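Just need the whole structure built from these sequences, with the hints factored in.
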Amino acid sequence: MSKRVQFGALHGAALIVFMPVPAPEEKQLTVTIPAPSQASGFAKPNPWVKLIGKYKNDQTWEGFDEFLKDYRRKIDQLYSESETQG
Amino acid sequence: MYLLDTNTVRYGLYEPDNYPLVVDNLTANNHLDIWISVITVQELIEWRYNPLLIASSQQPPYVLRVYKQFFEILEDICDLQVKPFDSAALKNFSGMPGNVGVHDRRIAAIALAGDLTVVSHDDDFAEIKKRKPQLKLVDWVTTPPTNPI
Numbered sequence: 010m011s012k013r014v015q016f017g018a019l020h021g022a023a024l025i026v027f028m029p030v031p032a033p034e035e036k037q038l039t040v041t042i043p044a045p046s047q048a049s050g051f052a053k054p055n056p057w058v059k060l061i062g063k064y065k066n067d068q069t070w071e072g073f074d075e076f077l078k079d080y081r082r083k084i085d086q087l088y089s090e091s092e093t094q095g
Numbered sequence: 008m009y010l011l012d013t014n015t016v017r018y019g020l021y022e023p024d025n026y027p028l029v030v031d032n033l034t035a036n037n038h039l040d041i042w043i044s045v046i047t048v049q050e051l052i053e054w055r056y057n058p059l060l061i062a063s064s065q066q067p068p069y070v071l072r073v074y075k076q077f078f079e080i081l082e083d084i085c086d087l088q089v090k091p092f093d094s095a096a097l098k099n100f101s102g103m104p105g106n107v108g109v110h111d112r113r114i115a116a117i118a119l120a121g122d123l124t125v126v127s128h129d130d131d132f133a134e135i136k137k138r139k140p141q142l143k144l145v146d147w148v149t150t151p152p153t154n155p156i
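Each protein sequence line maps, in turn, to chains A and B.
Using this note's numbering, the letters of the first sequence correspond one by one to residues 10 to 95.
Using this note's numbering, the letters of the second sequence correspond one by one to residues 8 to 156.
Rather than coming from a laboratory, the hints here were simulated on the basis of the structure.
Nothing false has been slipped in among the hints.
Computed footprint of chain A on chain B; a stretch qualifies when at least three of its residues, placed anywhere within it, have a C-beta under 8 Å from a C-beta of chain A:
1) 20 to 31
2) 34 to 48
3) 52 to 60
4) 80 to 87
5) 104 to 110
These numbers come from a predicted model, not from an experiment.
All residues carry an ideal CB built from backbone N, CA and C; glycine is no exception.
See the structure below:
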């Protein structure tokens, strides 16, 4: 904690006032220790966190459910046709 | 280790507010334990590839948007861990119930081959488990993380 000296006057008499001035906020150093499975090489950030932030309520995902159902139906059809032919 | 089905990926990414437990699991578990299958990759790529074949997408500004989305999904997939559908998976594919979709059966077969737990909200995997009792299942839509980092 640092201190600064200020001079003031009270009823004509010289007054020395010591006012404590807060020191600049101390920065905390954080060290992250990687989990054992990440210990070799550089720890990679969780890619899912990035993707969750990126695609949240992204309108370009609208219609994905219908697409997936339709696409899987086509694949099922192809598979059954190949079974019939095979 | 976990193998996400495509719907679980979609819940976590597109509607995280509606599926908070999926998000909790994606972020609380070690991401090195979370895998997707090549089947999900196929579906995600097809999702973004299809618009490239539509006539109305051939002209600017649409052509830029659809190529951007296609490029981005490739980048995103490169960040994730992907399990293949290989001969070990094919071996596990036989004997799966025929009333379940091929892609769900292939995802289950990949999980069985790699001793992974399928993460799904889909009842079809419970149907597969009746025939393949060794299949491990969990539903992150209703289950909070049990093994956080």
